[in-house]
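K.L.:
Guided by the hints, dock chain R onto chain G, whose structure is given.
There are 2 protein chains.
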Amino acid sequence: MDKEQNIIDIFTNKFIGDDGAVIGKMVLSKDMFVENTHFKRGWLSAFEIGQKAMLVNLSDAVAMNAAPRFALLGLGIPSNLKNSYILELCKGIKHTAEKYGVKIIGGDTVKSSEITISLSIISYLQNTKEVSRNGAALGDLVCYTGSLGGSLKGLKTLLNGGHISSKSKFKTPILRDKFMKHSAKFMKCAMDISDGLASDLPKICSKFRVKFYKNISKLQWLSGEEYELLFCVSPHNLKRVQNEAKRCRVKLNILGKIIKGKQKTHGKFTHF
Amino acid sequence: MDKEQNIIDIFTNKFIGDDGAVIGKMVLSKDMFVENTHFKRGWLSAFEIGQKAMLVNLSDAVAMNAAPRFALLGLGIPSNLKNSYILELCKGIKHTAEKYGVKIIGGDTVKSSEITISLSIISYLQNTKEVSRNGAALGDLVCYTGSLGGSLKGLKTLLNGGHISSKSKFKTPILRDKFMKHSAKFMKCAMDISDGLASDLPKICSKFRVKFYKNISKLQWLSGEEYELLFCVSPHNLKRVQNEAKRCRVKLNILGKIIKGKQKTHGKFTHF
Chain G
1 MDKEQNIIDI
11 FTNKFIGDDG
21 AVIGKMVLSK
31 DMFVENTHFK
41 RGWLSAFEIG
51 QKAMLVNLSD
61 AVAMNAAPRF
71 ALLGLGIPSN
81 LKNSYILELC
91 KGIKHTAEKY
101 GVKIIGGDTV
111 KSSEITISLS
121 IISYLQNTKE
131 VSRNGAALGD
141 LVCYTGSLGG
151 SLKGLKTLLN
161 GGHISSKSKF
171 KTPILRDKFM
181 KHSAKFMKCA
191 MDISDGLASD
201 LPKICSKFRV
211 KFYKNISKLQ
221 WLSGEEYELL
231 FCVSPHNLKR
241 VQNEAKRCRV
251 KLNILGKIIK
261 GKQKTHGKFT
271 HF
Chain R
1 MDKEQNIIDI
11 FTNKFIGDDG
21 AVIGKMVLSK
31 DMFVENTHFK
41 RGWLSAFEIG
51 QKAMLVNLSD
61 AVAMNAAPRF
71 ALLGLGIPSN
81 LKNSYILELC
91 KGIKHTAEKY
101 GVKIIGGDTV
111 KSSEITISLS
121 IISYLQNTKE
131 VSRNGAALGD
141 LVCYTGSLGG
151 SLKGLKTLLN
161 GGHISSKSKF
171 KTPILRDKFM
181 KHSAKFMKCA
191 MDISDGLASD
201 LPKICSKFRV
211 KFYKNISKLQ
221 WLSGEEYELL
231 FCVSPHNLKR
241 VQNEAKRCRV
251 KLNILGKIIK
261 GKQKTHGKFT
271 HF
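Residue numbers (UniProt numbering), protein chains in the order written: chain G, 1 to 272; chain R, 1 to 272.
Source of the hints: derived by calculation from the structure; they are not laboratory data. From the three backbone atoms N, C-alpha and C, an ideal C-beta is built for every residue, glycine too. You may find that some hints are simply not true.
Lysine-lysine pairs mimicking DSS-like chemistry, simulated, CA-CA at most 25 Å apart [as the list claims (entries may be wrong)]:
| id | chain 1 | residue 1 | chain 2 | residue 2 |
| --- | --- | --- | --- | --- |
| 1 | G | K3 | R | K251 |
| 2 | R | K251 | R | K211 |
| 3 | G | K40 | R | K239 |
| 4 | G | K153 | R | K111 |
| 5 | R | K111 | G | K203 |
| 6 | G | K3 | R | K111 |
| 7 | G | K14 | R | K25 |
| 8 | R | K129 | G | K25 |
| 9 | G | K99 | R | K14 |
Between beta-carbon pairs, the in silico distance windows are [as the list claims (entries may be wrong)]:
| id | chain 1 | residue 1 | chain 2 | residue 2 | range |
| --- | --- | --- | --- | --- | --- |
| 10 | G | N127 | R | N6 | 36 to 44 Å |
| 11 | G | K239 | R | K99 | 52 to 60 Å |
| 12 | G | H236 | R | S84 | 50 to 58 Å |
| 13 | R | I16 | G | N127 | 23 to 31 Å |
One side of the interface only, derived from the structure: several residues of chain G facing chain R at Cβ under 8 Å [what the hints assert, rightly or not]:
| id | residue |
| --- | --- |
| 14 | F11 |
| 15 | N13 |
| 16 | K25 |
| 17 | N83 |
| 18 | I86 |
| 19 | H95 |
| 20 | G106 |
| 21 | G107 |
| 22 | V110 |
| 23 | E114 |
| 24 | S118 |
So here's chain G without its partners, still in its complex pose (with noise of 0.2 Å):
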């Protein structure tokens, strides 16, 4: 939302700014999932809802190279949510944290209007540093893992009453978290694609250009909610990482080379 940046800044200080706010040997990451704006109740069963929200928490640590290990559930229930429905979201909720090792530790629930699904999530350094934001530089290589524009495409048949199979990115994004944990030392900077590659590609390299190598539709760069990882790479470590990115069976793309200039914007993801 546009709203978004203006207390961004109120709250500015190092912490802020990155998919994780780093303590130590900690991160600490936290979205919210919030019904009218991130889904529609018809759109996802209950626990594909549970499951979206949970993976889309899971993507901040994967991108800051992090391993998730708890989580603090806040939940907004409206009144009239049936028992069943609500075991149904919580099965989803609890699936997803124990398929990655996350244990939910705590947390509140509370009446709301809408579905709130407000996940914390504490993750840690796994003797290595985090991969940030920050690190691009000149003849830096960009790459993504995966194919964009699912998300969006899943959303818009929403949008027109269709329907969309269980696998539609929109329905369950995948996590790159095998081949960010075996490429993340070779990583210059890196993030999970959420607001889409047009308002993304931005964060990780303001101060650059981007020479492009491949076409990327309006589709593309405007879907969010995608969940790929963004990163750079130096040029003698590509190799390295595109082996890795083959082991762990992951397609891997190179957008293009960071070269001198300024970025310009591609437009900006907003949810429905």
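P.N.:
Chain R only, in chain G's frame:
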């Protein structure tokens, strides 16, 4: 809310069930503060909303005898909210955080239909063990700080269209952090009174009965969001705790004594 216990049951583990979760020397806690559940927009100024959201969160850390240091802030903002209002709200959060030595290190801002403030607090135990809700034993004295009833009285006035002063406990809870810091070593167990004495007393002495030394009115029993400390102390440490209370200028009440038997339930607090 009634559904809260069902949700807690799904996630049950050793970390859950206290004011905060203890991970090594760290205590993690989370409280949500939501429009139309905890407050109406006209009742509190934007600054006061931010202030109370932070205070009720810090209260959990105080009750565990942990020093709050960092916070993650999740903000749900209705689209019709003016920038000046959001600024005041954030100032209330920031001012209160700074007063208690807490830094906002990250978070998330989203659009929502109601003002939603979701805070996660990271606190640290200072050369001492946490004070949990467990530990009461036969013969212990059950005590609480301050006066009860003011919060519900304020809420009732507001519900009847009246006005309350900024000193009303409904607007500005009083944290007993200094008293807690000096008295924690004498306490067998402690918690903050957030759901009302009637709901909260059984949480620290569910296995026992309390022989009451003090008459408690219905208003005092049911008033939630008091954020006074409820704790147990062995009789031979009472004088020490009383001395600390005197030194910190905190009123100390001896509610009763823990005896054999089962506690009766005195009613349940719900938000308005």
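K.L.:
Evaluate each hint against the coordinates.
P.N.:
For each hint, the structure was consulted:
no.	hint	verdict
1	G:K3 - R:K251	44 Å, violated
2	R:K251 - R:K211	21 Å, holds
3	G:K40 - R:K239	58 Å, violated
4	G:K153 - R:K111	22 Å, holds
5	R:K111 - G:K203	22 Å, holds
6	G:K3 - R:K111	10 Å, holds
7	G:K14 - R:K25	24 Å, holds
8	R:K129 - G:K25	22 Å, holds
9	G:K99 - R:K14	19 Å, holds
10	G:N127 - R:N6: 36 to 44 Å	40 Å, holds
11	G:K239 - R:K99: 52 to 60 Å	54 Å, holds
12	G:H236 - R:S84: 50 to 58 Å	52 Å, holds
13	R:I16 - G:N127: 23 to 31 Å	30 Å, holds
14	F11	5 Å, holds
15	N13	6 Å, holds
16	K25	11 Å, violated
17	N83	6 Å, holds
18	I86	6 Å, holds
19	H95	11 Å, violated
20	G106	4 Å, holds
21	G107	5 Å, holds
22	V110	5 Å, holds
23	E114	5 Å, holds
24	S118	4 Å, holds
The structure is inconsistent with the numbered hints 1, 3, 16, 19, although it conforms to all the rest.
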